[in-house]
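Colleague: Top line first, the protein sequences correspond to chains A and B.
Numbering (numbering that gives the first Met the number 0) for the first sequence: 0 to 669.
Numbering (numbering that gives the first Met the number 0) for the second sequence: 0 to 633.
Everything labelled a hint here was simulated from the structure, so no lab data went into it.
Just to be clear, a hint being listed does not mean it is correct.
In silico SDA-like links for lysine to any residue, alpha-carbon gap of 25 Å or less [what the hints assert, rightly or not]:
no.	chain 1	residue 1	chain 2	residue 2
1	A	K426	B	L265
2	A	K77	B	A506
3	A	K122	B	I307
4	A	K569	B	A506
5	A	K135	B	G309
6	B	K474	A	L634
7	A	K329	B	F472
8	B	K23	B	D137
9	A	K104	B	S316
10	B	K630	A	A598
11	A	K135	B	L131
12	B	K624	A	L476
13	B	K512	A	K426
14	A	K667	B	G100
15	A	K24	A	K132
16	B	K185	B	Y133
17	B	K512	A	P603
18	A	K360	B	G309
19	B	K466	A	L640
20	B	K493	B	F472
21	B	K297	A	D81
22	B	K624	A	L593
23	A	K145	B	F472
24	B	K35	A	E505
25	A	K514	A	K426
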Amino acid sequence: MKKLVFITFLCIAQIAISQNYKFGKVSEEELLEKTNPDYPEANATVLYKKQQISFEYIQGKGFIQKNEIQERIKIYNKEGFDYATRLVRLYDGSSSYGESLNGLKAVTYNLDGGKIIEDKLKKDGIFEEETNKNWKTSKFTMPNIKEGCVIEFEYTIESQLSGIDDIEFQELIPIRKLEIKLKTPEYYVYKTFLNPRASYIPVLNNSKENRTITFSNKERTTTNRVSSTQNYTSTRDYIDNVVEANLSNIPPLKTESYVDNLSNYQAKLIVELERIQYPGESIEYLSTSWEKVTKTIYDYPEFGDQLNKKGYYNSDVDAILTGITDPQQKAAIIFNYVKSKVKWNEYHGYTTDAGVSKAYKEGVGNVADINLMLTSMLRYAGLNANPVLVSTKSNGIPLIPTRTGFNYVICALETSDSAILLDATQKFSTADILPTKALNWLGRLIRQDGSSDWIELIPKISSRESVSLNIKLNSDLSANGKVRNQFTNYQAFRVRDRFENYNTDEMIESLEKGKGELEISNFEIENMNDVSQPVTQSYDYVFNNAMEDIGGKLYLTPMLFLAPDENPFKENVRNYPIDYVYPIADKYMINIMLPDGYAIETMPESVKYQFNISDGEFTYLARQNGNMLQFTISLDLNKTLVLPSDYEQYKKFYQLMIEKQTEKVVLKKI
Amino acid sequence: MRTRFLLLLWFVIVSLPVMAQDEKLFQSYTIPSDLKENANAIIRLEDTHIDVKAYNKMVYTNKRIVTILNSSGDSKHGAYMGYDKNTNIKKLEVKIYNSRGDEIKKIKKGDFEDVSAVDGGTLYSDSRVKYLNYTPTDYPYTVLFETEVEYTSTAFLPGWRPIEGFYTSSQNVNYKIINNSGIEIKIKTSNFDEYQIEKYSDFHYSAKNLLAIKPESYSPPFNSFAPDLKASLTEFDMEGVKGVNNNWADFGKWMNDKLIRDTQILPQQVRDEIRSLTANAKTNLEKAKIVYEYMQNKTRYISVQVGIGGWKPMLASDVDRLGYGDCKGLTNYTKAMLDEIGVENFYTVIYGGRDVRHIDDSFSSVQGNHVILCVPNESDYLWLECTSQTSPFGYNANFTDDRDALIITPEGGKIVHTKVYSTEENLLTSNAVIVLDEQGNIKADIITKSYGTQYGQHEGIQNQTEKDQKLYFKKYWSYINALDISSVTYNNDKDKIEFTETFNVAAERYAAKTGDRLLLQPNLFNRLENAPNRYSNRKLPFEIDRGFTDIDSYEINIPSSLEVEALMEPISIKNKFGEYEASLTKTDGNKLIYKRKFIIHKGNYPKEEYENYRAFNLEVVKHDKSKIVLKSKS
């Protein structure tokens, strides 16, 4: 027994030793592997990845960041061929801060009759693209890629920037072995955080290493009228702070629909420069805490100073506010003025691009140009307005105090009892109606004195769609009547955005699309451009074959062509939450007039379904009054996020709702 | 002196009214209202001048004034210019005017964005584009774009589209070629008669007040009904290579001699390998199949566009060494191998895409966007898509089928038509056995087989992850609310080009309870759910580009405690568009047999027929949704 255990141990040890991760030492076993035994669906696996980020002092340049990457990837099948092409984006903004990719070496390995064949990547597989004025892209694609091959490459990115990109521990394919080492000089103090929303949590080790910089200086001295040049060398010792991870068998990141942003759930190390501390110099704090981050941003000339400039607009604002005393009216006038005066150039950012005065003059600016200008004007009018730093959904949720955690800025107008959020970059935005990308959890409000606080961004007020549907049933199985819809808040925003450039015919076509024998006439839509009012839409319709005649009885869905036809939630389980962005309240009021000579045989029952007590509620009320039927059907979703643990229950709730919404009324002849 | 003065005077007189005219065009409110209908942008003026100076030199001058009415029209300003090393952009300038016609911004050449012109599917290309990145401050606004470009490549002589595309009207557009090269220029115009286009000479045209066209579903491709002019030099230059083009024969010969022939040398080892692999194959077709599969296993598709206009293939030996190439490289590599073993084959230039687009058989010029390989087979041809590593041998449905293509033979170019996939060939069959219980729950085993174009629509799913496959089928049968797919297996028979899917599914409450009855829809697994859109005033003709046949048969077992209260009437419709048959019969005891056949033919129809086609579809939708009522026997 003892012997057996020993032998097993030996075998395991043997396997562990047989993997050699040195570049070029690809084994036959790796080439023979047909699928990943732990993740059989994987099209490829990172067999080994080593990444080391370190800083080298170069005299005359300072610290240079070196990001060394070595990777060995197994490709199982044709779907995995994409991993044989690699794109590396390099910053190319200015000559002194440009990044470069060096030392690229790459080999493809194939097994041919028991022999390992190597194909080196040559010049003709490497491409340098000047992508645009700030970025270039190094691209390479590996030679001789076949099912089962292994590829290996290494390169170093050198950069004079002190910012460090997120270090990713997880990819869309599994990683068998990952070695990460981050070495930063003591003068640059970085803060590191693991993404707490990831389901895979790596173990990190912290340590210190001694380093030495050697400076060489030339000095020219003159003694007794004889000049001579002497070479001096001096050294300075310093410490590197080291973060290391040695990981194995990392599961792939799962993809899913209706996810706000997949990288929010990726295992990664977020690295942010917290302070710069050269010996003998004062410490430059950048991001030790949220207060500090906010203050740092506030002190940028492209932020705080922009709020204080007034000279470029004061006479114009004075003119439009002449005779206005009501603060709310003042706010509305300024908001609309900024919207009409300056248009968004589709660039994000919390710092100004053109600068507020230029943006005002040219009528174009980025998010900060527009919303800092708005804040400044509101303040000028005596209102309590402050900028709010926001991270858009694609930028991820701001979890730790970092400056890159934010990428957007809006304005909060504080009144006596509440704060109203404003964003003047969008044509159809209004008070508390912002582009949905900005509604990401919490924003950081910065007051005039530099103090700051969190402010909630997720809307509290429901966005409604109210529908009144009148139906007159006819004995030829058709129905006709009138529909009136009203959309408020975000539902109105959505309708305005979608139909902005549609004419009446196109709106009718989009309503009729996929609805069978529906013909719409007398279509009207109101308040498309008046964002202070709900959007209302009304039309007459004729709907042929609204009822089905089966064996002399007529079957009918009360919601007619407005009934949903499928449950959008089809997955059995979810890994990430469903994001609804804003609370929803939908209500249908339906009045049906029965055809002559028919009476009710079966009427659907009234019901009420709830999800998580009051997070979601569906009610269905059916009433009969002579030859008139009345239905009131409503859905309220009060929570904007459905958690994975609640998903199964939520799917069921939705399914029952759809069954009810499509339930039939049965009519019989009298 | 006198002449010079006169000239100057003439210039002043002539140019003054022109300037006044332009100023009027910069104002948005001067647009006639019919030009605004269905338009997001209006081309107020466009003057295109092409000055051909020699076979390898031309100057393109363009001045356009575009008024943009709303944000959907922003891209219509057209202020961009592609370039490469054979292009010299001499002038590139934009001025922007507000609706009153005041100049509000001026953008010089240096202020244009300059980016690499790679599209999504291309890894690298040496062509670039300069484009205008402008944020409009208000609508409408007007853009004046002036450009002058010198080309040393004349292979792509700019043509003319008086109506640029959907939602765009043209107030005054002009096109003129000045030819001082002494080389003949060929012109072909299409659909000019249907529109008011003035012809001053073969090389000079003008059109006024062309109304905007709105897209309508099932309409044929835009260039099949919109006016279009193609121009081509009979002697041209493609990046330093001189070409001839009097007809397809000599153009094809030029391609063969100058672009393809010297790229086909294979390493000895590959030649030996191919010879030995095909040594025992009896027919040319068998040999071609071995070579095609050899290529599929050895290569992958990577698009790198450098060198002669993106028209010269990579060397076959490089494709062999690197194991990748684009459509030209992979096709040429396959060609080199087939040549090696003496199987006749032709490099083929074609327009690839879901929409059918032809190489113009009556007008030779640089056309096409894709390359495939043609293998003659008795009186017919076989078409090999070399960019796919998984396609069955000779399968070209949905992308290069049913269109005119240019084959390059050693004697020259020739236009031939690619394979047409017939209505009968594009078959989908579904057979199922269904068990229903008293609560309306179902369990079912389904087998579907697809062929022809439908093979291509079904086959791709097998490469997805299991989770995505199940999700896909839940969406495919989205009308079954609580569908659960317990298993799905596939059999991809590439020799027969037949794809079989076998499912095991269940759905709770499939048959809806209404009072004490169950409502059952006997067409469970192949429903036409939507009919084409209604147009109150359809303007465009319509086209069904590929026919198909669906044949379904379902055996439904109902519980013995239930009986059928009402059965559906059999239905049979036949018209010029297709056929539809559906029936439900009761066999022994508790078995119902549902049979369905749905056929749509390929065809082109005038707009008046559209409503009839829609009515036919609505009829099918209705019958596919037919229900029967089951009630308790007791």
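Colleague: Are the hints correct? Go through all of them and say.
Modeller: Hints and how they fare:
no.	hint	in the structure
1	A:K426 - B:L265	61 Å, violated
2	A:K77 - B:A506	35 Å, violated
3	A:K122 - B:I307	19 Å, holds
4	A:K569 - B:A506	12 Å, holds
5	A:K135 - B:G309	22 Å, holds
6	B:K474 - A:L634	24 Å, holds
7	A:K329 - B:F472	55 Å, violated
8	B:K23 - B:D137	19 Å, holds
9	A:K104 - B:S316	23 Å, holds
10	B:K630 - A:A598	20 Å, holds
11	A:K135 - B:L131	20 Å, holds
12	B:K624 - A:L476	15 Å, holds
13	B:K512 - A:K426	48 Å, violated
14	A:K667 - B:G100	68 Å, violated
15	A:K24 - A:K132	40 Å, violated
16	B:K185 - B:Y133	38 Å, violated
17	B:K512 - A:P603	10 Å, holds
18	A:K360 - B:G309	45 Å, violated
19	B:K466 - A:L640	23 Å, holds
20	B:K493 - B:F472	23 Å, holds
21	B:K297 - A:D81	15 Å, holds
22	B:K624 - A:L593	23 Å, holds
23	A:K145 - B:F472	31 Å, violated
24	B:K35 - A:E505	15 Å, holds
25	A:K514 - A:K426	31 Å, violated
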